[in-house]
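Visitor: So the protein sequences, as listed, match chains P and C.
Oh and the first sequence: position 534 is 534 in this note's numbering, straight run, nothing missing.
Oh and the second sequence: position 301 is 301 in this note's numbering, straight run, nothing missing.
Treat the hints as calculated values from the structure; they're not laboratory data.
Note that the structure is a prediction, hence the values are computed from the model and not measured.
All C-beta atoms, glycine included, are put in the ideal place defined by N, C-alpha and C.
Fair warning: there could be bad hints in the mix.
[As the list claims (entries may be wrong)] Pairwise CB distance ranges (calculated): (1) P:Gln-96 to C:Pro-313: 54 to 64 Å; (2) C:Glu-187 to P:Arg-462: 24 to 34 Å; (3) P:Lys-588 to C:Gly-244: 23 to 33 Å; (4) C:Ser-73 to P:Pro-580: 43 to 53 Å; (5) C:Glu-187 to P:Gly-591: 29 to 39 Å; (6) C:Pro-313 to P:Ala-366: 17 to 27 Å; (7) P:Arg-160 to C:Pro-313: 50 to 60 Å; (8) C:Asp-314 to P:Thr-373: 51 to 61 Å; (9) P:Arg-462 to C:Ile-97: 52 to 62 Å.
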Amino acid sequence: MRVPISWLKEFVALRLPTEAVAERLTMAGIEVEAIERDGPETVLTLGIMPNRGECLSILGVAREVAALGGGRLRAAAIRPPAGIPPLAGLLAVHVQDRAGCPRYAARVIDGVRVRPSPPAIQARLTAVGIRPINTIVDATNYVMWERGQPLHAFDWSRVRGGTICVRRAGAPMDFATLDGVTRRLAPDDLVICDQGGPIALAGIIGGAESEIREATARIILESAYFLPTQVRRTSKRLGLATESSRRFERGVDPAGVVDALHRVTALIAAWAGGTPTKDWIDRYPRPRLGRRIALAPQAVHAALGAECPPARMAKILSDLGCAVRKGATWTVTAPTWRSDLTRPIDCIEEIARCWGYDRIPSRLPAVRLAVPTRPPLEALRTTVRSWARAQGFSETIHYAFLPEQVLRRFGATGGIRITNPLGQEATVLAPTLLPGLMEAVSNNCRIGRTQGRLITLRKVFRPTDFPGASEAEHLAGVIFGTRKSMSWTSSEDMVDYFDMKGAVEALLASCGIVRHAVTVDSLPPYLHPGQAARCRVGNEALGVYGMVSPDIARQYDFPVPVGCFELDAEALARCTAPSPTPFRELPKFPGVRRDVAFVVDAAVPAESVAAALETRQAPWLASVTLFDVYEGEQMPAGKKSVAYACWYQDAERTLTDAEVNAVHAELVEQARRQIGAEIRS
Amino acid sequence: MNPLLEQLAALESAARLAIDGARDADALQALRVRFLGRKGELTELLRRMGSLSPDERPPVGQRANAIKQFLESTFGAAEREAKARQMGQDRGTRVDITLPGRADRPGHAHPALAVMEEMKAIFTGLGFSIHEGPEVETDYYNFSALNFLSDHPARDMQDTFYVEGGGAAAPLLLRTHTSPVQIRVMEAQPPPVRIIAPGAVYRRDADLTHSPMFHQVEGLYVDRGVCLGDLKGVLTCFVHALFGADVPVRFRPSFFPFTEPSMEVDIGCVICRATRGRAKASACRVCKGTGWLEILGSGMVHPAVFEAVGYDPDAVSGFAFGLGVERVAMLKYGIDDIRLFYGGDLRFLEQF
Numbered sequence: 001m002r003v004p005i006s007w008l009k010e011f012v013a014l015r016l017p018t019e020a021v022a023e024r025l026t027m028a029g030i031e032v033e034a035i036e037r038d039g040p041e042t043v044l045t046l047g048i049m050p051n052r053g054e055c056l057s058i059l060g061v062a063r064e065v066a067a068l069g070g071g072r073l074r075a076a077a078i079r080p081p082a083g084i085p086p087l088a089g090l091l092a093v094h095v096q097d098r099a100g101c102p103r104y105a106a107r108v109i110d111g112v113r114v115r116p117s118p119p120a121i122q123a124r125l126t127a128v129g130i131r132p133i134n135t136i137v138d139a140t141n142y143v144m145w146e147r148g149q150p151l152h153a154f155d156w157s158r159v160r161g162g163t164i165c166v167r168r169a170g171a172p173m174d175f176a177t178l179d180g181v182t183r184r185l186a187p188d189d190l191v192i193c194d195q196g197g198p199i200a201l202a203g204i205i206g207g208a209e210s211e212i213r214e215a216t217a218r219i220i221l222e223s224a225y226f227l228p229t230q231v232r233r234t235s236k237r238l239g240l241a242t243e244s245s246r247r248f249e250r251g252v253d254p255a256g257v258v259d260a261l262h263r264v265t266a267l268i269a270a271w272a273g274g275t276p277t278k279d280w281i282d283r284y285p286r287p288r289l290g291r292r293i294a295l296a297p298q299a300v301h302a303a304l305g306a307e308c309p310p311a312r313m314a315k316i317l318s319d320l321g322c323a324v325r326k327g328a329t330w331t332v333t334a335p336t337w338r339s340d341l342t343r344p345i346d347c348i349e350e351i352a353r354c355w356g357y358d359r360i361p362s363r364l365p366a367v368r369l370a371v372p373t374r375p376p377l378e379a380l381r382t383t384v385r386s387w388a389r390a391q392g393f394s395e396t397i398h399y400a401f402l403p404e405q406v407l408r409r410f411g412a413t414g415g416i417r418i419t420n421p422l423g424q425e426a427t428v429l430a431p432t433l434l435p436g437l438m439e440a441v442s443n444n445c446r447i448g449r450t451q452g453r454l455i456t457l458r459k460v461f462r463p464t465d466f467p468g469a470s471e472a473e474h475l476a477g478v479i480f481g482t483r484k485s486m487s488w489t490s491s492e493d494m495v496d497y498f499d500m501k502g503a504v505e506a507l508l509a510s511c512g513i514v515r516h517a518v519t520v521d522s523l524p525p526y527l528h529p530g531q532a533a534r535c536r537v538g539n540e541a542l543g544v545y546g547m548v549s550p551d552i553a554r555q556y557d558f559p560v561p562v563g564c565f566e567l568d569a570e571a572l573a574r575c576t577a578p579s580p581t582p583f584r585e586l587p588k589f590p591g592v593r594r595d596v597a598f599v600v601d602a603a604v605p606a607e608s609v610a611a612a613l614e615t616r617q618a619p620w621l622a623s624v625t626l627f628d629v630y631e632g633e634q635m636p637a638g639k640k641s642v643a644y645a646c647w648y649q650d651a652e653r654t655l656t657d658a659e660v661n662a663v664h665a666e667l668v669e670q671a672r673r674q675i676g677a678e679i680r681s
Numbered sequence: 001m002n003p004l005l006e007q008l009a010a011l012e013s014a015a016r017l018a019i020d021g022a023r024d025a026d027a028l029q030a031l032r033v034r035f036l037g038r039k040g041e042l043t044e045l046l047r048r049m050g051s052l053s054p055d056e057r058p059p060v061g062q063r064a065n066a067i068k069q070f071l072e073s074t075f076g077a078a079e080r081e082a083k084a085r086q087m088g089q090d091r092g093t094r095v096d097i098t099l100p101g102r103a104d105r106p107g108h109a110h111p112a113l114a115v116m117e118e119m120k121a122i123f124t125g126l127g128f129s130i131h132e133g134p135e136v137e138t139d140y141y142n143f144s145a146l147n148f149l150s151d152h153p154a155r156d157m158q159d160t161f162y163v164e165g166g167g168a169a170a171p172l173l174l175r176t177h178t179s180p181v182q183i184r185v186m187e188a189q190p191p192p193v194r195i196i197a198p199g200a201v202y203r204r205d206a207d208l209t210h211s212p213m214f215h216q217v218e219g220l221y222v223d224r225g226v227c228l229g230d231l232k233g234v235l236t237c238f239v240h241a242l243f244g245a246d247v248p249v250r251f252r253p254s255f256f257p258f259t260e261p262s263m264e265v266d267i268g269c270v271i272c273r274a275t276r277g278r279a280k281a282s283a284c285r286v287c288k289g290t291g292w293l294e295i296l297g298s299g300m301v302h303p304a305v306f307e308a309v310g311y312d313p314d315a316v317s318g319f320a321f322g323l324g325v326e327r328v329a330m331l332k333y334g335i336d337d338i339r340l341f342y343g344g345d346l347r348f349l350e351q352f
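Could you put together the complete structure from these sequences and hints?
Guide: In structure tokens:
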């Protein structure tokens, strides 16, 4: 809302410099966003909150400035301009929808000359951001800006039958508005009609047919109070917000409707000539009174935690236009222009903001202590973040919504669509975090960062059968490029499956999970069919990890190998070992190591060889560690060697070589037979 | 002189000579075998002591033991030295101490999430619990229960993304603030309530300072007899913990449907510091010359909100507040483009 100081001064005798007025307004909740000086004029730009519709007017701002001690209000009582011809015979008004239109006033002016407005008026309208058009339209806009009451002028000769009817449209119909657009009206829309149909969309915009033209000589002026929710519904549905609808949907002053009609009549008579009718129409069957609020002064003290003197409280309220009747409980009658004042708390806010928030002393509450609680996943997130940091993963944030075609690359279909997306592309809530990370890898590679590790931790979304969405927290990461960042000591080796697996294993270990199972069942299409795995702990499916598929690598044009993982955080939390895990006593006697290397078919999973050793439960066997895998010249084709270190240990004594040798030989032989392997010598 | 003594003397000098000439651990091991081994030269000489008379034995024995001890310690020292040389730890080995070290570089925390963790730590320190809620919300929790009346222009304050899956009666949307968590918590537990609700929120808006997805920390404090002074005290405490105890704070009236009285909390501009008399604010782009930055929205919980969750507004009162995490991170680090927070540009992330 733009307010020229010269205009404001017509309504309040300012006794403070502009900056001081601006400071008071801002500190009372009418934020002054800018002060612009242009020649002799100074214009304030105000940010008006949706509950203060009355401040979308010079008069409203003037009342506020006066209430804040910025100067005395110049109470200009409005007198009805005199007129000659009787209205009867020129105009009849029927308000059919009284709920949608509680008040409707109108008057006719004959013999106007439609021409440009006086230069000073044009300048003022331009300063507040309204394009001057002609005397008639400018006068309606001028009064709207001044008093907050939107007005409309019809060309009388285009109003068929000299009759105006305010009613619902009743049936869907097309209506050409004066902005040159034809809009489809809904049956519920409130319209102003003549005998032939709609001539204006109530409170929003007039019709093209009845708009003021240069040749217009006789006009009908409309000043009304339309129901705010009614105006807003139509304005929203049509996507048509006007200066008029902005004011009506916030609520104009029902008591000011006729004052505005008088004011605009006087201005038109002065600027465009013409003779108003002797009388005017004012359909206002149930005059609205200011709302009565019971306010207990001690409730103000309790809410603020400070004692504003009662006299000060009463003065603040009456300066704002309220009538105050004191007593044990006060009766505060709100002015008709403050439709936002309905409850005691509304009065308390008025008192607090005008008295000054800075007068209310800060204090820290004294409370009964309680142990704060945290969300169930919070502990896991902390574990994940410290693991990520140690493993060189930097954390990223990606949008939760993605273009549908990107999700299709990841074999994800049927995601939840956003019905009103910002652009065309980002329309679906992602059921996976990997597309965002892949995009990040691609962007980093494009700027020459071809090595890195990224992790992200947030919700993914899936549709459900019932209304609503299923949300699950995932954590996902990528590794790409060389295994280590560039350094004089590190090799140029590229990341592979085992780097990705190792990072995931380290994460699982951080969660106290020593062992997980891997399968290749129904791997998602974005993973490499031979270098990726599904990961499971007990009955919990945790997720997947591995290298990306050649298809994905090609689509993103990755210049380096890329590995990724995505795990279900809630499943991971369920598998996480409860801490603390019990302490195991340290061995008192030394252990003995015996090695064995088996030669097996290259396709045999190493895990099955280890299992053959471990499941025998050989006496004293404490652990089995794979320390070498070899395939190559020294091996027959299609064979590989897998070498294990077996540790034997007893809690009670030191084992002798002879007894360990015997046990080890027995173990190796049994395992060899089970897996059909050779012993490598 | 006993010939055995002479032979011992000869052995000693031969051994000294050989040890001095030994190049590495292998050579030393060979010498140890040559002199001290089971068939070594010293061992052989000692074996011949049996042929000596009892009188002759003590001096020869003493001498032989002395030589044995000398050889043992000399071999020990020489072997330690040789081993050290192999591990590069002998005193002669030099490295270029200016070369960079060998280490796995740690990853980086995200600046916005780090700020969010900082906020969480401050509030849990003040005894607030942390609660979360769904990001796909119903109109009821996001708006109606928070006293956003239907067909009221207050709804335009937060431009909303709607998603499919709801019905006309209960449209689904992406939450525009984490305030719905207030409602869910109050529905689930009786007062007192001291919670914060951190999380992602969505608004249909995108430019240098607005992102369609960003993060908020929302707070709610409800108990008997909570007043505006409590709000001022707790939020001043929070702002001082976050920005430093010397940062100026002011409370400015504002409007939110779910609080009344409502207020914005402003801090003295952390960029130009005009409110602390350090400079003139007029040129500051961040605070637009005002010297103040809007940092928190807050207010006393509106009675209509208590009514919606079944709390008695005459028995309890409270305050609520909310702030944008990215905005605070932008101010703390002087970041001027919010889009940098999303997308994982390593050149950005590695600065934090």
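Visitor: Could one say that the CB atoms of P:Arg-462 and C:Ile-97 fall in the range 52 to 62 Å?
Guide: holds (56 Å)
Visitor: When you take the CB atoms of C:Glu-187 and P:Arg-462, is the distance between them in 24 to 34 Å?
Guide: holds (25 Å)
Visitor: Take the C-beta atom of C:Ser-73 and the C-beta atom of P:Pro-580, compute their distance, and say whether it sits inside 43 to 53 Å.
Guide: holds (50 Å)
Visitor: With respect to the beta-carbon atoms only, verify the hint that C:Pro-313 and P:Ala-366 lie 17 to 27 Å apart.
Guide: Holds, at about 22 Å.
Visitor: For the hint 51 to 61 Å, verify it against the beta carbon of C:Asp-314 and that of P:Thr-373.
Guide: For P:Thr-373 against C:Asp-314, whose Cβ atoms are near 28 Å apart, the range 51 to 61 Å is violated.
Visitor: Just tell me: holds or violated, for the beta carbon distance of C:Glu-187 and P:Gly-591 against 29 to 39 Å?
Guide: violated (59 Å)
Visitor: Between P:Arg-160 and C:Pro-313, does the beta-carbon spacing fit 50 to 60 Å?
Guide: Holds - the Cβ-Cβ distance for P:Arg-160 and C:Pro-313, about 54 Å, lies within 50 to 60 Å.
Visitor: Are P:Gln-96 and C:Pro-313 spaced within 54 to 64 Å by their CB atoms?
Guide: For P:Gln-96 and C:Pro-313 the Cβ distance comes to about 40 Å; the hint is violated.
Visitor: Between P:Lys-588 and C:Gly-244, does the beta-carbon spacing fit 23 to 33 Å?
Guide: Violated, at about 56 Å.
Hint check: violations occur at hints 1, 3, 5, 8; the rest are consistent with the structure.
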